[in-house]
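Each chain, written out:
Protein chains: 2
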Amino acid sequence: MEAAKNDPPPLPTKHSILPKYKHTLAIHSKARPSCLSHDRETTPSFIGFRNLMVLVLIAGNLRLVVENYMKYGVLIGFSPGSFRPGDVRLGLLCYLMVPGHLFIAYLVELAAAAQARQAQAMQKKTDESKPVKLRVQWRLIAFAHALNATLCLSVTSAAVYWDIDHPLIGTLCELHAVIVWLKLLSYAFTNRDLRDSYLENHPVPEIYQSCPYPENITVNNLTYFWWAPTLVYQPVYPRSEKFRMSFFLKRFGEMIGLSVAIWFLTQQYAVPTLRNSLTAIDRLNLAHILERLMKLSTISTVVWLCGFFAVFQSGLNALAEVMRFGDREFYSDWWNSASLGGYWRMWNRPVYQFMKRHIYAPLRGRGWRHGPASTMVFLFSAVLHEMLVGLPTKNIIGVAFAGMMAQLPLIAVTLPLEKMHGTSASTVGNMIFWTSFCLVGQPFAALCYFFAYSLRN
Amino acid sequence: MEAAKNDPPPLPTKHSILPKYKHTLAIHSKARPSCLSHDRETTPSFIGFRNLMVLVLIAGNLRLVVENYMKYGVLIGFSPGSFRPGDVRLGLLCYLMVPGHLFIAYLVELAAAAQARQAQAMQKKTDESKPVKLRVQWRLIAFAHALNATLCLSVTSAAVYWDIDHPLIGTLCELHAVIVWLKLLSYAFTNRDLRDSYLENHPVPEIYQSCPYPENITVNNLTYFWWAPTLVYQPVYPRSEKFRMSFFLKRFGEMIGLSVAIWFLTQQYAVPTLRNSLTAIDRLNLAHILERLMKLSTISTVVWLCGFFAVFQSGLNALAEVMRFGDREFYSDWWNSASLGGYWRMWNRPVYQFMKRHIYAPLRGRGWRHGPASTMVFLFSAVLHEMLVGLPTKNIIGVAFAGMMAQLPLIAVTLPLEKMHGTSASTVGNMIFWTSFCLVGQPFAALCYFFAYSLRN
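Residue numbers (UniProt numbering), protein chains in the order written: chain Z, 1 to 457; chain A, 1 to 457.
Please note that a few of the clues may not be correct.
Since copy identity is lost for identical chains, a pair holds within one copy or between any two.
Claimed, not checked - Keeping only pairs whose Cα atoms sit at most 16 Å apart, straight-line, the calculated EDC-like set for lysine to aspartate or glutamate is: (1) Lys242 / Asp39; (2) Lys125 / Glu200; (3) Lys30 / Glu206; (4) Lys20 / Asp196; (5) Lys30 / Glu329; (6) Lys394 / Asp165; (7) Lys394 / Asp87; (8) Lys30 / Glu241; (9) Lys394 / Asp163; (10) Lys124 / Glu200; (11) Lys250 / Asp39; (12) Lys20 / Asp193; (13) Lys20 / Glu200.
Hints were generated in silico from the structure; no laboratory data involved.
Keep in mind the model is a prediction, meaning the values are calculated, not measured.
Produce the complete structure using the sequences and hints provided.
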């Protein structure tokens, strides 16, 4: 308790029988409302409560860490035998199959390019439009691409479902197969339309002019696309000036650190919570299931955020640095999104860009309205999500599919909130997003698949 | 996933062998860093994470509510027999003693005022300075006040310590006694100096001029001070224009609601946590004590905030409305304080104002430096805190005293942070305040007194 700077107490004197300081200072000299009263014209800052919130979150979860330690001790242990050798071998085989499919796609495009060159030479001579023969050949090319891509995805999927036991290896294989499958589709679609433009002398985007069709049909060009952090094929990409080793090492270090953190968090906190929930689900004890869901929601949100950062910030930036890939917009600030629609547009830009370029926009181009075109996109995405989760865990129970399809009504509900542009509307929308996605959706899905997986094992 | 508004896909045509939409759109057209990269010039907003934090806090604590319910059911039950009739009778007696002490103080001042009037009349005639006789009489007056005030506090304290069993009744009695004691001191000091000014023709603050000394020595004036929401005596206070019934009812309703909430939270959440901690303290199991402390910290912070609002916003504003007391600055925005010093200046303005006017400023007036004067203030406050907690629980274990004295080093440590005026410095200071005060200090003190209280019972 220190005196305000503006009224220093008077110095003592010896002349009075009492020191000069008087206890008569008028402390209450004017009427004024309390700081939190509505009578006040200004609202005080509440920044201190934000700090308190952070601290209570830390204290509350630190307590759970101590409780977990007292209950379970350290659950982490590294046993190299936890992966079956057969799984590792088959996983590697699936991985090595991929260049084969890419090479086939390259050969198909090479043949198509040769035909296109021939056709253009003919056109110049005879000045006639594309012959019927070419149209038939193009259908053959499309069929060859479709067969190749489908084989790429289905062989891996079958192997993952029937032969790979470990869910982690299975998920990695399936994820890789899906990514390459999408890349093959993008490669085929883009080159078809580049060929079309080439024959019809349509203009192509300016950035492609340094490598006009069919010069882009080379093994090098396709290999770059294979490793580039994008699902959308372009003959030419914006490139960064040079490879920065320190940037790469930092991103790579982050990725390793976060992966270890995720592994630790999952083993030490998520697995016991999931295990303890099995009895609750078995007995359909609703209060207990709810309690488990809420306990899981914090850890699943933390793991999710770590995973997002590890993949989209650290991983893709590290890869992009190696590839000198210039466009690093792998995500934008989805955490502020005021609607589910905004979230899906922002969090995973590579997939969003693929969907927009190769599914949504073509459908719109064929005259579809926004609603059905969006529904198609989410249907496609829902099937892929179910494959990614259901195949490695051998539980095609449709929860991931349903979760993706449930986005459509949620997007419709939060769309008005996004359009209102007010702070409180966007706060409400943002909270709906976090609650539906991180606090309910993901832990619920995790519980479902864990329960189904445990029933099988 | 919706197309950006600025590139509507072209409409389909029948003239080409393919629809006009081309899959060749350049998605990656320029190099740009990721949203969270340091390469970016602007930092994105993180407001969404604040929302997430709120939701995780809610979910985490809702889970604890469910867990608590599954473990204990509903612990609340109202038994009117929980207060001993003897306690209630004695508590009421202590309460009713107070007007007696106030009346004695009034009589003492009445005598002093009569003398002062006489002396002034003499002075006017003889024009001499205050005689020695007056000085002796003033010492008598001071002695009478001291005796009266000391009796007021000590009789109640003794009754609370030896005869009142229930800690709640004891705390209320002791709190009331301390408040009236402080008011008696302020009344005596202020009137002494008003008298001094009256005799020496010193000017007094402007606001007092509507009721100059000795006109303020009336039963009405003292009764108003008794009920006014302040510890600092002034002959005249700023008044609000009129009593607003709706304002009063709202504040009163808030106070009742919050009191019920505090009672519920304490019974349902704090008491089981405290009970469970007894074994941990008994065995000196450090990890377990820490876990209990952290579990307690959330509930104690919530109870503390509810209590603060109930007393300082709702209670004192309701009382002030009834008394038409104008100066409602019972607190300012202490939750943002960047230092412990700031907190103690802001959270409890009535006590701060008393300390400043009647202890700190007079000591400074006598030539004390800031450090020793502050130390005196905290020493005084520490003794009162120990009395308020130690006497009703019959455990004068010195933890409240030590807690108050520990503020001095904490204030010294956080003072530089407050003076830096930077955002991060004040955030650090604010976090030190919350941690030391709400997350560690209070739950620790609660644990200590609960443990000591349980040992005795």
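Quick rundown of the hints versus the structure:
1. Taking the shortest alpha-carbon separations for Lys242 and Asp39, only the inter-copy value of 14 Å comes in at or below 16 Å, while the best intra-copy value is 61 Å.
2. In this assembly of identical chains, Lys125 and Glu200 lie within 16 Å of each other by CA distance solely inside one copy; the values are 15 Å within and 121 Å between copies.
3. Taking CA atoms no more than 16 Å apart as the test, Lys30 paired with Glu206 passes between copies only; the shortest distance there is 11 Å, against 71 Å inside one copy.
4. Taking CA atoms no more than 16 Å apart as the test, Lys20 paired with Asp196 passes between copies only; the shortest distance there is 10 Å, against 99 Å inside one copy.
5. Only between protomers do Lys30 and Glu329 lie at most 16 Å apart by alpha-carbon distance; the minimum there is 10 Å, versus 57 Å within a single protomer.
6. Taking the shortest Cα distances, Lys394 and Asp165 sit within 16 Å of each other inside one copy (9 Å), while across copies they are farther apart (66 Å).
7. For the homomeric pair Lys394 and Asp87, the shortest alpha-carbon distance inside one copy (14 Å) is at most 16 Å, but the shortest distance between copies (69 Å) is not.
8. Taking the closest pair of Cα atoms, Lys30 and Glu241 come within 16 Å of each other only across two copies (12 Å); inside a single copy the shortest separation is 67 Å, beyond that limit.
9. For the homomeric pair Lys394 and Asp163, the shortest alpha-carbon distance inside one copy (10 Å) is at most 16 Å, but the shortest distance between copies (72 Å) is not.
10. In this assembly of identical chains, Lys124 and Glu200 lie within 16 Å of each other by CA distance solely inside one copy; the values are 11 Å within and 118 Å between copies.
11. For the identical chains of this complex, Lys250 and Asp39 are inter-copy neighbours only, at 13 Å across copies versus 53 Å inside a copy, given an alpha-carbon limit of 16 Å.
12. For a Cα distance limit of 16 Å, the shortest separation of Lys20 from Asp193 across copies, 10 Å, qualifies, whereas the shortest one inside one copy, 95 Å, does not.
13. For a Cα distance limit of 16 Å, the shortest separation of Lys20 from Glu200 across copies, 12 Å, qualifies, whereas the shortest one inside one copy, 101 Å, does not.
Comparing the model with each earlier hint shows no violations; every hint is respected.
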